[in-house]
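Q: So the protein sequences, as listed, match chains L and H. Take 1 as the starting number for the first sequence in my numbering and just add one per residue. Take 386 as the starting number for the second sequence in my numbering and just add one per residue.
No lab work stands behind these hints, which were simulated from the structure alone. Treat the hints with care, as some may be off.
Over 12 Å on every C-beta distance to chain L, these chain H residues come out as not near it, computed from the model [as the list claims (entries may be wrong)]:
{"#": "1", "residue": "K524"}
{"#": "2", "residue": "I547"}
{"#": "3", "residue": "N552"}
{"#": "4", "residue": "N676"}
{"#": "5", "residue": "N695"}
{"#": "6", "residue": "F753"}
Derived list of chain H stretches under chain L, where covered just means 3 residues or more per stretch with a C-beta under 8 Å from a C-beta of chain L [unchecked claim]:
{"#": "7", "segment": "562-574"}
{"#": "8", "segment": "624-634"}
All values reported here derive from a predicted model rather than from experimental measurement. We treat Cβ as the ideally placed atom computed from N, Cα and C, and that holds for glycine.
Number of protein chains: 2
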Amino acid sequence: MIYLDNAATSKTKPDEVIQAVIDAMQSAGNASRGASNESLSSDRIVFQTRKKISELFNVSNPRQVVFTKNSTEAINVALQGIIEEGDHVITSCMEHNSVLRPLNYLKRDKKVEVDYIHIDENGDLKYEEIKGLIKLNTKVLVLNHASNVTGNINNLRHIGDICRAKNIIFIVDVSQSAGSFEIDMIRDNIDVLCFTGHKSLLGPQGTGGLCVRDNIYIEPLMSGGTGVHTYDSYQPDRMPTRLESGTLNAHGIAGLGAGIDYINSKGMDKLTEKATIFSKTFFDGVKSIDNIKLYGNYDTQYRAPIVSLNIADMDSSELSAILSDKYNISTRPGAHCAPLLHESMKTVDQGMVRFSFSHQNTMEEVEFAIKAIREVAEEENSTTI
Amino acid sequence: MIYLDNAATSKTKPDEVIQAVIDAMQSAGNASRGASNESLSSDRIVFQTRKKISELFNVSNPRQVVFTKNSTEAINVALQGIIEEGDHVITSCMEHNSVLRPLNYLKRDKKVEVDYIHIDENGDLKYEEIKGLIKLNTKVLVLNHASNVTGNINNLRHIGDICRAKNIIFIVDVSQSAGSFEIDMIRDNIDVLCFTGHKSLLGPQGTGGLCVRDNIYIEPLMSGGTGVHTYDSYQPDRMPTRLESGTLNAHGIAGLGAGIDYINSKGMDKLTEKATIFSKTFFDGVKSIDNIKLYGNYDTQYRAPIVSLNIADMDSSELSAILSDKYNISTRPGAHCAPLLHESMKTVDQGMVRFSFSHQNTMEEVEFAIKAIREVAEEENSTTI
Numbered sequence: 001m002i003y004l005d006n007a008a009t010s011k012t013k014p015d016e017v018i019q020a021v022i023d024a025m026q027s028a029g030n031a032s033r034g035a036s037n038e039s040l041s042s043d044r045i046v047f048q049t050r051k052k053i054s055e056l057f058n059v060s061n062p063r064q065v066v067f068t069k070n071s072t073e074a075i076n077v078a079l080q081g082i083i084e085e086g087d088h089v090i091t092s093c094m095e096h097n098s099v100l101r102p103l104n105y106l107k108r109d110k111k112v113e114v115d116y117i118h119i120d121e122n123g124d125l126k127y128e129e130i131k132g133l134i135k136l137n138t139k140v141l142v143l144n145h146a147s148n149v150t151g152n153i154n155n156l157r158h159i160g161d162i163c164r165a166k167n168i169i170f171i172v173d174v175s176q177s178a179g180s181f182e183i184d185m186i187r188d189n190i191d192v193l194c195f196t197g198h199k200s201l202l203g204p205q206g207t208g209g210l211c212v213r214d215n216i217y218i219e220p221l222m223s224g225g226t227g228v229h230t231y232d233s234y235q236p237d238r239m240p241t242r243l244e245s246g247t248l249n250a251h252g253i254a255g256l257g258a259g260i261d262y263i264n265s266k267g268m269d270k271l272t273e274k275a276t277i278f279s280k281t282f283f284d285g286v287k288s289i290d291n292i293k294l295y296g297n298y299d300t301q302y303r304a305p306i307v308s309l310n311i312a313d314m315d316s317s318e319l320s321a322i323l324s325d326k327y328n329i330s331t332r333p334g335a336h337c338a339p340l341l342h343e344s345m346k347t348v349d350q351g352m353v354r355f356s357f358s359h360q361n362t363m364e365e366v367e368f369a370i371k372a373i374r375e376v377a378e379e380e381n382s383t384t385i
Numbered sequence: 386m387i388y389l390d391n392a393a394t395s396k397t398k399p400d401e402v403i404q405a406v407i408d409a410m411q412s413a414g415n416a417s418r419g420a421s422n423e424s425l426s427s428d429r430i431v432f433q434t435r436k437k438i439s440e441l442f443n444v445s446n447p448r449q450v451v452f453t454k455n456s457t458e459a460i461n462v463a464l465q466g467i468i469e470e471g472d473h474v475i476t477s478c479m480e481h482n483s484v485l486r487p488l489n490y491l492k493r494d495k496k497v498e499v500d501y502i503h504i505d506e507n508g509d510l511k512y513e514e515i516k517g518l519i520k521l522n523t524k525v526l527v528l529n530h531a532s533n534v535t536g537n538i539n540n541l542r543h544i545g546d547i548c549r550a551k552n553i554i555f556i557v558d559v560s561q562s563a564g565s566f567e568i569d570m571i572r573d574n575i576d577v578l579c580f581t582g583h584k585s586l587l588g589p590q591g592t593g594g595l596c597v598r599d600n601i602y603i604e605p606l607m608s609g610g611t612g613v614h615t616y617d618s619y620q621p622d623r624m625p626t627r628l629e630s631g632t633l634n635a636h637g638i639a640g641l642g643a644g645i646d647y648i649n650s651k652g653m654d655k656l657t658e659k660a661t662i663f664s665k666t667f668f669d670g671v672k673s674i675d676n677i678k679l680y681g682n683y684d685t686q687y688r689a690p691i692v693s694l695n696i697a698d699m700d701s702s703e704l705s706a707i708l709s710d711k712y713n714i715s716t717r718p719g720a721h722c723a724p725l726l727h728e729s730m731k732t733v734d735q736g737m738v739r740f741s742f743s744h745q746n747t748m749e750e751v752e753f754a755i756k757a758i759r760e761v762a763e764e765e766n767s768t769t770i
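Next comes chain L alone, as it looks inside the complex (with noise of 0.2 Å):
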């Protein structure tokens, strides 16, 4: 198979990550439960890791990094733990289902307020409307880096400032960005990042967490055995502890921190550039083929390496088929959790094919994704006329 869905999970691991995960079940203890070999050495792997995205995000301090199984646990924590009763948040119609159901929820159990930021017909955030948004109540302003249905880059920087400006607390969901764009916590003003570690962090699945600024306070979702403070009725107050109950996956975070070793190996600016490249060449094969609707803004200095299409009026599920089924491509059809994004660029009946590419992917696939295309296209438009 050709994998051109690395935007879900990037699937092959990198041999290191493997290594790091087997070392681990063969050795590891329980993290912070007593001072055993076993438990010590588990203690070491999840202290490492969090060193490694506290350096990767710029992160104050590693006791501000949250591990959860995945990001959206991440978002939830972050959102379900700061806003409150009566708070007024700005969120965008770029989002996930991740954000955007547990805003939902905020909505109709606790009277939370929330305005959505549009998006123009490139799927671009119309940034000019933020600053009318914000309202004396506004507490939160939660957006993703990078959307995973056009690849679009939001400018962070620009928005952190303004929410600093405003003491409204950034929470970013960087799914899409992390280990691929440089994030940097400090300069963007960000003061929660939720991420995921088995997209292009290359760590395995059920990893992922969230970095917190040192002074916002998150009120833990779940509570439980922490291995320290046992007599304290609540969860302990100290970070990371307070966001972290039961075992922790030391198996797979240290994958994770394999990853991050991979990635700052072989330099992330080089692995996103060969995926920039690929995702670039199909872009610019498929653009002038007949029929062809492509989603997203390609005029930016920076993109997430996603491309997402449809051909004429036919249904993205029964492309996605063909391609797997005749030329052994993977990619994700449908609506890709994004419901605002599909009602907003009119695709909630057709959905889009995305392709999404990675350093591992080659020219060759590259080529090959192109010439599928352009046959289904050519097939669909000569039955269709």
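Please build the complex by placing chain H on the supplied structure of chain L, with the hints as guidance.
A: Here is chain H on its own, set in the frame of chain L:
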């Protein structure tokens, strides 16, 4: 190191478990995200493990098996998703903080009433108290199967029968027994079963979940992308999607499935018998040592392979450190996240040193641990005289 902390996590995973994780890390896509081969391969991994779990615990249907990152998350999902303002809950003094702390938050924030079944001097539940604690608004009885401190096992069937007769939802934490003892949701009238994957189920860390009876509705604790029903404002209602948001840990779940296969192929009874013989040999070897204090009931047919002890008034951390430094034996000292148990057994200050055994241990290791305890006790006794 002689690893006698198996109740914290089983350390060396079987080769089959490691291989399953490697295979998944080299091939699995993102489950429920489209119909590409890689996504479907991940779907199959996840479904097969759901099926194995449903067979292991006699769950009505694999779709009623929900994956979480650990049992703590599973317990939080169950308690926070079922218990409402003004409800009454019964639990026990032998519970872990994974049960006690979520209940403390419900007491504080939702005016939930909680009563605790006491334990006797051996750490056994005072079953005779249960009926007297039931009130008109008792909604839930939540209990562990085996104590993580004493190894004592509760009679689930007896308690399940009481719950069913009174229409009380019976939630059971099987963290210390899943994979070692037969658990039957239907026979024992269990409504929600919360399990962890990384202990006796021999799976990787980062795995766990809850099994839910068909007729039990659990409100989601988290929401987000589900790969299906993108345009629903809230989490889709169907199980297990209702309680699973974001990317599943298919890599870990592959290993968990292999862990269950390993247990089934070797015979759960045989593995447990081996661990039980080690535990009993250890108990018999140390019970007559001067000034030894042993906790738990050793006169029962079944118990988890755990022996917790102290020597005279020696701090449990000191004893555990000597065992580690001088004898290379890994144990766990302290309070074991079970505050009410330590209060009941008057070991708040001293803690306990827990020895927990697995089929992976050897009789030589057990004999050596007995010798170590004898030597430390003799030295301690001679010093204090």
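Q: Next, verify each hint and record whether it holds.
A: Each hint, compared with the structure:
1. K524: holds, 19 Å
2. I547: holds, 26 Å
3. N552: holds, 27 Å
4. N676: N676 (chain H) is indeed farther than 12 Å from all Cβ atoms of chain L, at 23 Å.
5. N695: holds, 15 Å
6. F753: With a cut-off of 12 Å, F753 (chain H) remains clear of chain L, as the shortest Cβ separation is near 16 Å.
7. 562-574: It is violated, with 0 qualifying residues against the three required.
8. 624-634: n = 5 at 8 Å, threshold three: holds.
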